[in-house]
Structure formats: C-alpha cells, structure tokens
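S.K.: Sequence:
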Amino acid sequence: MKIVKYIKNSFIDYPGHIASVIFTHGCNWSCWYCHNAGLLHENIDLTNEVLDYLNTRKGWIDGVVVCGGEPTIHSDLPQIIRKIKEMGFDVKLDTNGTNPEMIQRLIEDGMVDYIAMDIKAPIEKLSQITLSKNNLEKIAQSIELIKNSGVEYEFRTTVTPDLNESDIETMAQSIAGAKRYFLQQYNRPNFLPSAPTPHPIETIKYFVSVAKKWVPACELR
Numbered sequence: 000m001k002i003v004k005y006i007k008n009s010f011i012d013y014p015g016h017i018a019s020v021i022f023t024h025g026c027n028w029s030c031w032y033c034h035n036a037g038l039l040h041e042n043i044d045l046t047n048e049v050l051d052y053l054n055t056r057k058g059w060i061d062g063v064v065v066c067g068g069e070p071t072i073h074s075d076l077p078q079i080i081r082k083i084k085e086m087g088f089d090v091k092l093d094t095n096g097t098n099p100e101m102i103q104r105l106i107e108d109g110m111v112d113y114i115a116m117d118i119k120a121p122i123e124k125l126s127q128i129t130l131s132k133n134n135l136e137k138i139a140q141s142i143e144l145i146k147n148s149g150v151e152y153e154f155r156t157t158v159t160p161d162l163n164e165s166d167i168e169t170m171a172q173s174i175a176g177a178k179r180y181f182l183q184q185y186n187r188p189n190f191l192p193s194a195p196t197p198h199p200i201e202t203i204k205y206f207v208s209v210a211k212k213w214v215p216a217c218e219l220r
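Numbering (numbering that gives the first Met the number 0), first residue to last: 0 to 220.
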C-alpha cells in the first residue's frame, strides 16, 4: 500500500476530531466525477514521511482519516493502521464497501473507530456511476456489517445529476434505520468541462426529506 497524499490538519473530515487525512493509491471503481482520480496511479510513496509526521503530532491532532482511492483493496492496510493506532490516534476509514472481509477484520481487531461508507447509487445505476462491475452482495454485506458493528459510522451519498428522487429513496431504503446518512452536493469536476450541472440545492434539501422516511437522521452536508 502506498500513501500518495496527505492533509496535515482537517477540522471537517472526522466528526468531533482534529485530524490528518491520508490518501492511498488505487481504486476498484472509476467514478466519472472522482476528484481524486489523479492520485490513483501516482508513483510516489509518502508512507514513511506520513508516519514520521504523525509521530510529531501526538497531542495536537486526535485522529487520522484513511481514504483513497479505496483503502480496503490493500492487504497490508491493517499493518499501516496498527502503526497509527499505536501512536494513540483514533482512526476513521472511508470506504466504498466492496471489501466486507477487510472491514470485518479491521472491526474485529479494534483498528477503526469510525467508518464512513459511500452509497454511490441504487443497484440499477451503480455500474453507470462507478464505471465498474460490482459484487452487489458484498456491498449489502458491508452495509449490515457496519450497521451492527458497534463502531461509530455514517453512510453518505454524493448526489450527482444521474440521481433522482426515486434513486434517493431506494438508497435510503437499503440502509433503513441507519444511525447517520448524509447527502452531499456534487461538485462539477474541473477536468470535465462538459460535466452535467449539479442539482439545485433546494432539490437536494427535498431529497433529504425523502430519505428521512427510511433514515430519520438524514442531513444535508
């Protein structure tokens, strides 16, 4: 596993924490609007630099967010997280939920304190948005695993122009009763001049009200 980028201090990526954010290389999805796509094939490895930096931040930051790319595709992810945990930091994992086996391992080993899983689209539109083949059973398994893990968690959806009211309701129903569900506005990527225009914010607010029928704790982020 390679760490290809990091943010030294963030006040918004880990609820209730001042955190550093690390980005791993590689992803098993190719979401057309991904703002981190340029990092996926970086040929640098900042792992040692990041670990050295974190070792100097004890007492200054509370946690570390591990995102990507998709961190769970890397078999050595637990070893890196263990080193971070041994420094005394809480760890938040950002994941697409395609590797429930790795998620379960991290939970069982006490390696994660917060999990954020992206719900990209309803089943019938998932390949359209991720531009990838998907094992839908594994994604459903991750949802149930996270909901019943005892670890703090959230689900979240970037509301791209591909998604409509029916899609939002279907996704909310798939995580019915979840502790937290956030809808967040899609930002038009600069590298795609012809990218579609975002939904108006009032539309997103309406989608929140639709999702609340299944997840009362749904909010706009």
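Please keep in mind that the hints were generated in silico from the structure rather than gathered at the bench. Any given hint might turn out to be false.
Stated by the list, open to error - Taking lysine-lysine and the BS3-like style, the derived pairs with C-alpha atoms no more than 30 Å apart in a straight line are:
(1) Lys82 with Lys7
(2) Lys137 with Lys124
(3) Lys82 with Lys204
(4) Lys178 with Lys212
(5) Lys1 with Lys57
(6) Lys212 with Lys146
(7) Lys84 with Lys124
(8) Lys211 with Lys124
Said to hold, decoys possible - Ranges between beta-carbon positions, derived for each pair:
(9) Ser131 with Ser193: 19 to 27 Å
(10) Asp75 with Val209: 34 to 42 Å
(11) Phe10 with Gln78: 23 to 31 Å
(12) Asp161 with Ile6: 35 to 43 Å
(13) Gly15 with Glu41: 25 to 33 Å
Glycine residues also receive a C-beta, built at the ideal position from the N, C-alpha and C atoms.
S.K.: Tell me the numbers of any earlier hints that the structure contravenes, in ascending order.
M.R.: Checked against the structure, the hints that fail are numbers 3, 7 and 12, while the rest are satisfied.
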